[in-house]
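Note that the protein sequences, when read in sequence, are chains A and B.
Mapping to the numbering used here: the first sequence position 102 is 102, numbers consecutive.
Mapping to the numbering used here: the second sequence position 158 is 158, numbers consecutive.
Do not take every clue at face value.
As the list claims (entries may be wrong) - Computed list of lysine-lysine pairs in PhoX-like fashion (alpha-carbon distance at most 20 angstroms, straight line):
(1) Lys350(A) to Lys238(A)
(2) Lys31(A) to Lys26(B)
(3) Lys394(A) to Lys405(A)
(4) Lys32(B) to Lys6(B)
(5) Lys19(A) to Lys175(B)
(6) Lys498(A) to Lys587(A)
(7) Lys350(A) to Lys188(B)
(8) Lys304(A) to Lys175(B)
(9) Lys42(A) to Lys188(B)
(10) Lys6(B) to Lys31(A)
(11) Lys19(A) to Lys58(A)
(12) Lys169(B) to Lys29(A)
(13) Lys410(A) to Lys347(A)
(14) Lys188(B) to Lys238(A)
(15) Lys347(A) to Lys304(A)
(16) Lys188(B) to Lys347(A)
(17) Lys573(A) to Lys114(B)
(18) Lys29(A) to Lys144(B)
(19) Lys44(B) to Lys31(A)
(20) Lys387(A) to Lys410(A)
(21) Lys532(A) to Lys498(A)
(22) Lys536(A) to Lys394(A)
(23) Lys140(B) to Lys410(A)
(24) Lys29(A) to Lys140(B)
(25) Lys188(B) to Lys218(A)
(26) Lys53(B) to Lys26(B)
Unchecked claim - Chain A regions said to be covered by chain B (calculated; three or more residues, Cβ under 8 angstroms):
(27) 141 to 151
(28) 227 to 241
By construction, these hints were calculated from the structure, which means they are not laboratory data.
Each residue gets a CB set at the ideal place from its N, CA and C atoms; glycine is no exception.
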Amino acid sequence: MADVGRHPNIELLTLSEVKEVSGYVGNFKVKVIRHARFVDEKECTACNECVDVCPQLKPDEFNLGLTQRRAIYQPFPQAIPAAYVLNIDDCLGRNPIACGKCAQACEKNCIDLDATDQELEFEVGTIIAATGMEPFDPIGITEFGYGRFPNVLTALEFERLASSGGPTGGQVHRFSDGRKPESIAFIQCVGSRCQEPGNPYCGNICCMNTIKDTLVIKDQWPDIDVKVFYIDLRAFGKGFEEMLQRSRTRGVKYIRGIPGEIENGSRNGSLTLHVENTEVGRLEKHDVEMVVLATGVQPRAQAKDLQQLLSLQLHPDGFLLEAHPKLQPVDSPVRGIYYAGCAEGPKDIKESVTQASAAAGRAVRLMSQGSITAEPYTVAVDTDKCKACGMCLKVCPYNAFDWEKGAPAKPIEALCAGCGTCAAECRFDAITSHQFTNEQLMAQTETALADDSQNKTVVFACNWCSYAAGDTAGVSRFQYPANQVLIRTMCSGRVDEKFVLRAFELGAPVVLVSGCHFVDCHYIDANRHTQKRVEKLWDKLETLGIRPERLQLEWISSAQGRRFAEVMEAVEKLRSEVTGKEIAYTKRILKQIRKPKARKGA
Amino acid sequence: MPDEPKVGLFICHCGTNIAGTVDVQKVAEFAKTLENVEHVATSKYACSDPGQKEIQQAITEHSLNRIVVAACTPRMHEPTFRACLQQAGLSPFLLEMANIREGCSWVHLREPQKATRKACDLVRMAVAKARLLEPLTERKFPVKQAALVVGGGIAGIQAALDIADSGRKVHLVEKEPCLGGTMAQLNKTYPTMDCAI
Ligand SMILES: Cc1cc2nc3c(=O)[nH]c(=O)nc-3n(C[C@H](O)[C@H](O)[C@H](O)COP(=O)(O)OP(=O)(O)OC[C@H]3O[C@@H](n4cnc5c(N)ncnc54)[C@H](O)[C@@H]3O)c2cc1C
Ligand code: SF4
Ligand code: SF4
Ligand code: SF4
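So here's chain A without its partners, still in its complex pose:
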């Protein structure tokens, strides 16, 4: 931490929040609000004179409210920056009549009660989101009585209790009577691996944290009896299993089963745990003097603001969604933005540091080139055709349009990732998606069906997943009928309603649109628009008297070669069942409704 404070290349902005981010990779413009500290960061010597005179007492956040602090304070003794901070909401009043004692007490005159928030602006090439996590609050899990029983604590409260800088100077005391407990029980997976009010995922650090705490206890107070109640123990990292074994040999008892309820125990302040010990299949009662809930972790509430500012996506678990869960774990889907630490998912310090170095490496790699190149898969807007409806901006996952009301849409080349969704959504054919233009894709559709159309299924496949799955099927030699022709797009979001209808008009019995599973979409969430478009098409086909099943939609990931072959089998079966009469009707009705001006090029 101190290294950061000293580093000549680091501008440390505390009490600060990002307010606005615009621009694109290599050229982000950032606005930051720096809230007033009221204490001069450079001049403050942490002498404590101000604290001695401040009359206000408030719960101390650092010690989770287990101790109190003044309105002016230092969060903890090793804090960086070391300068004190005045919480203006806790302060009695800035004017000398109300209080202002601290300002008078400070000999160096570092305290400025009239300080105001500052707005800063700068430009950066890359951004790292390291917004971390917060512990799960167990108040909603009523059966454990957190908040009701003073001797039931969270894991983080136990950390503070056992810490020499904590409320008891590192003595593990009970809050009910200040006495050292004779026995402590840990309950695992609190708020993890469960449904509401908890989270379905594993907290990742809680098993090891508990094992650590049992060793801390046994080292200092070997006479305290320690029990751990668990579902299964996840000690998977380097040296972790050895720690668990050490804990067991020190006499810590591991009991498989999570207590269903905690009650007041027989002695004053003690607690009774009712648990089914699933190892021996027996209902048991355990009396202990303190309970620590191994609470899980969740994304910080404030991380959401940043996610929205940066146009990032959240995984269903609420953590930031990476570009690819396996191959690009520290890249965000937006080029030039990377993830470090728990912002992306629960992890321990070692993993957080590893990921942070990886993210920094990715950022430096990008910046060290001085300039960057990108495939020219961008879009151009024909200003004569554009009706300024704003649809393109609405669907673009990257907000890659400059927008002025009433003026034609202006694509921002550097922001565009080239999914082609806007081109598919523009009702006025105003958008050219380079290398995947309407004319080019239409020409492919039409030539595919130039002869023998009744025997062909037209398959639209996205480069990253379903087309790649076709390649995987090939590499694995999974055989399937030879009646499909594939048309590749970068994203399934590019597949225009026009192509599908034209294929049916030309006699295709079946059309398949395929892309990535939602979590895999390489263009954030462009394939949600694919889904919506196909759903609309189903309605349209139905209204026209065409069987909607003839338009199929499948999500296939690049590894799913077997599934690709199975889908090909399935569409072939479907194709063979479409009658000549149906096809003839479809051709006729679609020809009728097609506006002549919709056709050009081919």
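Following the hints, put chain B with the ligands in place on chain A, whose structure we already have.
Just chain B with the ligands, lined up with the frame of chain A:
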């Protein structure tokens, strides 16, 4: 469209990987009938050095301005053939590939006739697209030599230090009054059992 398309088509045998199932000669004959196709050739291994040289020679000899390579998946050798075009003085984006290996010969091993017919379809579609391709150039833009790190927990600290040590400016934004995040609140930390700060 800047000029009349003159399409050159190269069909790869890939040893027997393609030619073992697809009748390459038949596909070549069919391709000759397609609009704007100026030149058709087959190649034992199109991606090999001699294979690429043949393409480059044909580009010069026949003034080709659109190239279709019917071979493996574009996800494999598209970069190879793009570079090949570039060396011959063509925009690398005037290339279209027809995937007649992963998408055809390998998945229809027992149906050579049908596979050949499908290969013809795929080639015809690729030519249809190639005729409409336009030269494009890669995008290039400058990069600011500075980074923003949001969050001053251990992850943000580590990332900021690494980037700063590379000589670049880092703006580290933390909403609390000091650095450290959750880690600062820990007593001892596994697996080393040392104190957190
Ligand atoms: C009880 C408990 C015990 C643990 N014990 C261990 C252990 O023994 N060993 C171990 O390896 N790991 C342990 N961990 C895990 C460890 O704490 C984490 O791995 C580590 O803190 C993650 O660091 P981080 O930087 O990703 O996130 P955090 O520590 O959460 O830091 C994120 C920072 O970002 C700031 N921030 C958030 N949003 C914004 C915003 N929008 N703008 C500006 N700033 C923002 C926050 O204020 C915070 O300072 C434990 C965790 C808990 C809860
Ligand atoms: S780390 Fe252990 S205690 Fe935490 S959720 Fe996972 S299994 Fe449960
Ligand atoms: S969707 Fe088309 S018409 Fe509408 S604003 Fe965008 S480019 Fe213009
Ligand atoms: S192609 Fe995709 S990323 Fe580019 S502007 Fe259109 S919708 Fe946005």
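Cross-check of the supplied hints:
1. Lys350(A) to Lys238(A): holds (11 angstroms)
2. Lys31(A) to Lys26(B): Not OK: lysine 31(A) and lysine 26(B) at ~64 angstroms, beyond 20 angstroms, violated.
3. Lys394(A) to Lys405(A): holds (13 angstroms)
4. Lys32(B) to Lys6(B): OK: lysine 32(B) and lysine 6(B) at ~12 angstroms, within 20 angstroms.
5. Lys19(A) to Lys175(B): Within the cut-off at roughly 12 angstroms; holds.
6. Lys498(A) to Lys587(A): holds (14 angstroms)
7. Lys350(A) to Lys188(B): holds (14 angstroms)
8. Lys304(A) to Lys175(B): It holds: about 14 angstroms lies between the C-alpha atoms, which stays within 20 angstroms.
9. Lys42(A) to Lys188(B): Roughly 31 angstroms between the alpha carbons, so the hint for lysine 42(A) and lysine 188(B) is violated.
10. Lys6(B) to Lys31(A): With Cα atoms ~52 angstroms apart, lysine 6(B) and lysine 31(A) exceed 20 angstroms; violated.
11. Lys19(A) to Lys58(A): Not satisfied, since the Cα-Cα distance of roughly 29 angstroms exceeds 20 angstroms.
12. Lys169(B) to Lys29(A): Holds - the C-alpha atoms of lysine 29(A) and lysine 169(B) are around 14 angstroms apart, at most 20 angstroms.
13. Lys410(A) to Lys347(A): violated (42 angstroms)
14. Lys188(B) to Lys238(A): Holds. Lysine 188(B) to lysine 238(A) sits at ~18 angstroms (cutoff 20 angstroms).
15. Lys347(A) to Lys304(A): holds (19 angstroms)
16. Lys188(B) to Lys347(A): Holds - the C-alpha atoms of lysine 347(A) and lysine 188(B) are around 16 angstroms apart, at most 20 angstroms.
17. Lys573(A) to Lys114(B): Holds. Lysine 573(A) to lysine 114(B) sits at ~17 angstroms (cutoff 20 angstroms).
18. Lys29(A) to Lys144(B): The hint holds at about 10 angstroms.
19. Lys44(B) to Lys31(A): violated (58 angstroms)
20. Lys387(A) to Lys410(A): Holds, because 12 angstroms separates the two Cα atoms, which is no more than 20 angstroms.
21. Lys532(A) to Lys498(A): holds (15 angstroms)
22. Lys536(A) to Lys394(A): holds (17 angstroms)
23. Lys140(B) to Lys410(A): holds (19 angstroms)
24. Lys29(A) to Lys140(B): holds (19 angstroms)
25. Lys188(B) to Lys218(A): Holds. Lysine 188(B) to lysine 218(A) sits at ~14 angstroms (cutoff 20 angstroms).
26. Lys53(B) to Lys26(B): violated (24 angstroms)
27. 141 to 151: violated (count 0)
28. 227 to 241: holds (count 4)
Hint check: violations occur at hints 2, 9, 10, 11, 13, 19, 26, 27; the rest are consistent with the structure.
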